[in-house]
Amino acid sequence: MITNIDKEIKTLVSKIIKMPEDKIDPNANLFFDLGVDSLLGVEILASLDKKYNLDIPEERLRKINTLNDIIALAKDLLAQKGN
Amino acid sequence: MSEDFSITSDYWRKLIGLDVQEKDDVLKKYKYPHRYVRPTFWFLFGLLARTYWRVSFSGTENIPKKPPYIVAPNHASSLDYPVVAWSMGRQRQDLYVLATKHFYDNPFSRFFMKIAANIDRIDTVEDFLPALKAAARILKNGRSIYINPEGTRSATGDLLPFRPGVGILAVELKVPIVPVYIKGAHECFPPGSLFPRPGKINVTFGKPIYVDQYLPKLKTENAYYVYKEVTDELRKRVTELKELRLQ
Numbered sequence: 001m002i003t004n005i006d007k008e009i010k011t012l013v014s015k016i017i018k019m020p021e022d023k024i025d026p027n028a029n030l031f032f033d034l035g036v037d038s039l040l041g042v043e044i045l046a047s048l049d050k051k052y053n054l055d056i057p058e059e060r061l062r063k064i065n066t067l068n069d070i071i072a073l074a075k076d077l078l079a080q081k082g083n
Numbered sequence: 001m002s003e004d005f006s007i008t009s010d011y012w013r014k015l016i017g018l019d020v021q022e023k024d025d026v027l028k029k030y031k032y033p034h035r036y037v038r039p040t041f042w043f044l045f046g047l048l049a050r051t052y053w054r055v056s057f058s059g060t061e062n063i064p065k066k067p068p069y070i071v072a073p074n075h076a077s078s079l080d081y082p083v084v085a086w087s088m089g090r091q092r093q094d095l096y097v098l099a100t101k102h103f104y105d106n107p108f109s110r111f112f113m114k115i116a117a118n119i120d121r122i123d124t125v126e127d128f129l130p131a132l133k134a135a136a137r138i139l140k141n142g143r144s145i146y147i148n149p150e151g152t153r154s155a156t157g158d159l160l161p162f163r164p165g166v167g168i169l170a171v172e173l174k175v176p177i178v179p180v181y182i183k184g185a186h187e188c189f190p191p192g193s194l195f196p197r198p199g200k201i202n203v204t205f206g207k208p209i210y211v212d213q214y215l216p217k218l219k220t221e222n223a224y225y226v227y228k229e230v231t232d233e234l235r236k237r238v239t240e241l242k243e244l245r246l247q
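Residue numbers (my numbering), protein chains in the order written: chain A, 1 to 83; chain B, 1 to 247.
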């Protein structure tokens, strides 16, 4: 049972990109608006993969631009796993 | 749910294909027929290097005797690869290069690149992963690779930020990086010019960076920051070589 996953992922992203949670607009483009480099973007997904044991496919990496995209990806993959 | 979610090295290893079993002939595609004229090319380039650009080099004793390793110079001219490879002498035979589609898709530059180097086309504009995978495959097969950590030629000759891809490769494949500083190539053949001018070029090879001391950090820190630390150290070493040449 997942509770408060949006908050958990925001905290995780905040720790990885070293930016306070309140500065992260869920709809802001991580790369253009928040200055995250593309490899740090992969690191976010790598941490997400590790935290929830998601096995994120490589092709999904290219479709992530915002925090909301990350949350949607995690929810989708968790739903597929049957959680 | 794992609590040690910052330990992400496994994900990166999988992403760059280190968990994939390769065929033995994975590097066969680099064996172009052009290579038969390679000694002639380097002989002629050597004549130009000695007389037209008066290329000098130092620190070649810092290049590891055996591959695999990463050669990582600053990048401000299309002359950078040939002057570094020429300075390496016979060790360039085990050196592989990845070229962006911008250069590879031009038939003229592709012809000369295939003569001069073990080269492959990489679409680095849209996606960095093919470049990382191709470089990892080369290193995994015991060959060395030439990488410009800045990713593109500097328009001014000043050092640009280094991209952490070089750190990923060095850490995950446990190979040393040789920092290199090229002085003068930008003045002879800057980006945008059509014909190289005569001048004086110097290539300095620095002491290699061995990644052993960084590996324990993969157990406590996000892998990206370990890769970045190695990349930052590389940039520091290249900057030191630059300052050494300015004295």
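Since the hints were made in silico from the structure, they are not lab data. Treat the hints with caution; some may be incorrect.
[To be verified] With a straight-line cut-off of 27 angstroms between C-alpha atoms, the simulated DSSO-like cross-links for lysine-lysine are:
(1) A:Lys-81 <-> B:Lys-14
(2) B:Lys-14 <-> A:Lys-15
(3) B:Lys-207 <-> A:Lys-51
(4) A:Lys-18 <-> B:Lys-207
(5) B:Lys-14 <-> B:Lys-114
(6) A:Lys-51 <-> B:Lys-101
(7) A:Lys-18 <-> B:Lys-101
(8) B:Lys-217 <-> B:Lys-140
(9) A:Lys-75 <-> B:Lys-140
(10) B:Lys-217 <-> B:Lys-207
(11) B:Lys-219 <-> A:Lys-18
(12) A:Lys-10 <-> B:Lys-114
(13) A:Lys-10 <-> B:Lys-219
(14) B:Lys-183 <-> A:Lys-63
(15) B:Lys-219 <-> A:Lys-15
(16) A:Lys-51 <-> B:Lys-174
(17) A:Lys-15 <-> B:Lys-217
(18) A:Lys-63 <-> B:Lys-101
(19) A:Lys-10 <-> B:Lys-207
(20) B:Lys-140 <-> B:Lys-101
(21) B:Lys-133 <-> A:Lys-51
(22) A:Lys-63 <-> B:Lys-207
query = Can you name, in rising order, the numbers of the hints this structure does not satisfy?
reply = Numbers 3, 4, 5, 6, 7, 9, 12, 14, 19, 22, in rising order.
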